[in-house]
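Protein chains: 2
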Amino acid sequence: MKYLNQHEAISVDEELFNEYKFSVDQLMELAGLSCAHVINDCYGSPQSTVKRKVLVCCGPGNNGGDGLVAARHLKLMNFDAHVYYPKRTEKDLFINLQHQCESMGITVSKDCPTLEWVEGEFGLIVDALFGFSFKPPVRESFAPIMDVLNKSKVPIVSVDIPSGWHVEEGPQDECNIQPDCLISLTAPKLCAKKLTNAKHYLGGRFVPPKLQDKYAMELPTYEGNNLFVKLS
Amino acid sequence: MKYLNQHEAISVDEELFNEYKFSVDQLMELAGLSCAHVINDCYGSPQSTVKRKVLVCCGPGNNGGDGLVAARHLKLMNFDAHVYYPKRTEKDLFINLQHQCESMGITVSKDCPTLEWVEGEFGLIVDALFGFSFKPPVRESFAPIMDVLNKSKVPIVSVDIPSGWHVEEGPQDECNIQPDCLISLTAPKLCAKKLTNAKHYLGGRFVPPKLQDKYAMELPTYEGNNLFVKLS
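Respectively, the protein sequence lines represent chains A and B.
Counted the way the numbering used here counts, the first sequence spans residues 15 to 246.
Counted the way the numbering used here counts, the second sequence spans residues 15 to 246.
Excised from the complex, chain A in its bound form (with noise of 0.2 angstroms):
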């Protein structure tokens, strides 16, 4: 299997878009429902001693847009969400995924969440913040959550990158994340070669196999009604 450079995850990205003509509204719901269904894999069996609450941190992109979705439907599913989200914009599918998490109960916050308070509260945190369009460095409002996911002891679950990390190289001095469970979507991208004692996963079945096979992906094989595959 392949893991993709930036430029490449970015082509491939506007290649559904353009040339296969998906909305954004399509593909991040099923992105967001395949890390929904990985987290509940992973975490939600009820023999896992993982408390069931759950921060989900979003970014200002469509790796946040993943995020909301997940929340929703990790709701769906039990798990308690609280959604950090705070720098929005005026899209309307992102003020609706908004305005969808709150109507099912779910907290959708500005104010960063505290180390105390993640670390009494919290089984889970989805890092929904960066993705594969990311260049480093993290700007200084996200430096108080990224303070938080660096410190915390809670298992982290990163949507598609670690956030902070180089998209090709992986960790950051100042941006060393280390998460439980990495969530690839569409094909990895090559930071994932540099995770240690993390689950790998892969989401996002939808890639048409003439894509596939442009970019030499070498996907796996999704079993069953799976939506994502396990990677390691």
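Everything labelled a hint here was simulated from the structure, so no lab data went into it.
Mixed in with the good hints, there may be bad ones.
One copy or any two copies: either way a pair holds, since identical chains are not told apart in the list.
To be verified - Quick list of in silico lysine-lysine cross-link-like pairs, DSS-like style, CA-CA up to 25 angstroms:
| # | residue 1 | residue 2 |
| --- | --- | --- |
| 1 | 207 | 65 |
| 2 | 35 | 124 |
| 3 | 35 | 105 |
| 4 | 67 | 224 |
| 5 | 101 | 35 |
| 6 | 101 | 207 |
| 7 | 149 | 224 |
| 8 | 165 | 207 |
| 9 | 228 | 244 |
| 10 | 16 | 101 |
| 11 | 124 | 213 |
| 12 | 67 | 124 |
| 13 | 167 | 224 |
| 14 | 124 | 105 |
Assemble the complex: chain A is given as a structure, and chain B must be docked to it using the hints.
For chain B alone, coordinates are given in the frame of chain A:
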């Protein structure tokens, strides 16, 4: 569990879009995906003797859109989908759903399949012609495909409503297709009580709890990551 009348079904749908601010893209993707999952579960096992070539009949409205989405996901699950989609709209979403199918190698045709071809070629028919807003009688342009569905021995999976049935009263004298499987979306409609010897599934795992309560739906519990529940 409650079976909705036509007025309730229309109201629930309107609330999902107007109050909960879902887009058609989002809910159609989830609905169509749940249909593909039911079909894969029911007919897609390696032990199944049903041929994996599926005729997906898509009507002019949202029921047809669910069919187009299901066809695309079925293709990704190694079913060989062929779409009959005679009456198309100018809406971007539908143009794009058709394009997505075609760019995955699915033929989308306006030519009504003959009974002989259907019987010889296909292992399954997905009936996504008319949904919960249908009122009999069937328009003349759909008479040929309804005739095929009425006469064919190939198992039919109906999406939300067996096409041609009255949403509340069920089979009509002139339209009395007998699906092998019905996938009710969101909540079953009254006509589902008139099924005989059919499998019955519920899909569309996206109904906000407050909306479920408002309509006293008393939906069954979706287990694990399943996007459907088997009702009978």
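Hints, verified against the model:
1. Taking the shortest Cα distances, residue 207 and residue 65 never come within 25 angstroms of each other, neither inside one copy (29 angstroms) nor across copies (41 angstroms).
2. For a Cα distance limit of 25 angstroms, the shortest separation of residue 35 from residue 124 across copies, 21 angstroms, qualifies, whereas the shortest one inside one copy, 33 angstroms, does not.
3. With identical chains, the CA atoms of residue 35 and residue 105 are at most 25 angstroms apart both within one copy (19 angstroms) and between copies (13 angstroms).
4. Only between protomers do residue 67 and residue 224 lie at most 25 angstroms apart by alpha-carbon distance; the minimum there is 20 angstroms, versus 40 angstroms within a single protomer.
5. Taking the shortest Cα distances, residue 101 and residue 35 sit within 25 angstroms of each other only across copies (20 angstroms), while inside one copy they are farther apart (28 angstroms).
6. For the identical chains of this complex, residue 101 and residue 207 are neighbours neither inside a copy (30 angstroms) nor across copies (49 angstroms), given an alpha-carbon limit of 25 angstroms.
7. Within a single copy, residue 149 and residue 224 get their C-alpha atoms no closer than 29 angstroms, and across copies no closer than 41 angstroms, so neither meets the 25 angstroms cut-off.
8. Only within a single protomer do residue 165 and residue 207 lie at most 25 angstroms apart by alpha-carbon distance; the minimum there is 22 angstroms, versus 56 angstroms between protomers.
9. Taking the shortest Cα distances, residue 228 and residue 244 sit within 25 angstroms of each other inside one copy (23 angstroms), while across copies they are farther apart (39 angstroms).
10. When the C-alpha separation of residue 16 and residue 101 is checked against a cutoff of 25 angstroms, the pair qualifies neither within a copy, at 33 angstroms, nor between copies, at 41 angstroms.
11. Taking identical chains as interchangeable, the C-alpha atoms of residue 124 and residue 213 are never at most 25 angstroms apart, the minima being 29 angstroms within one chain and 47 angstroms between chains.
12. Proximity of residue 67 and residue 124 under a CA criterion of 25 angstroms is satisfied intra-copy only: 18 angstroms inside one chain copy versus 50 angstroms between copies.
13. In this assembly of identical chains, residue 167 and residue 224 lie within 25 angstroms of each other by CA distance neither inside one copy nor across copies; the values are 42 angstroms within and 35 angstroms between.
14. Taking CA atoms no more than 25 angstroms apart as the test, residue 124 paired with residue 105 passes inside one copy only; the shortest distance there is 17 angstroms, against 36 angstroms between copies.
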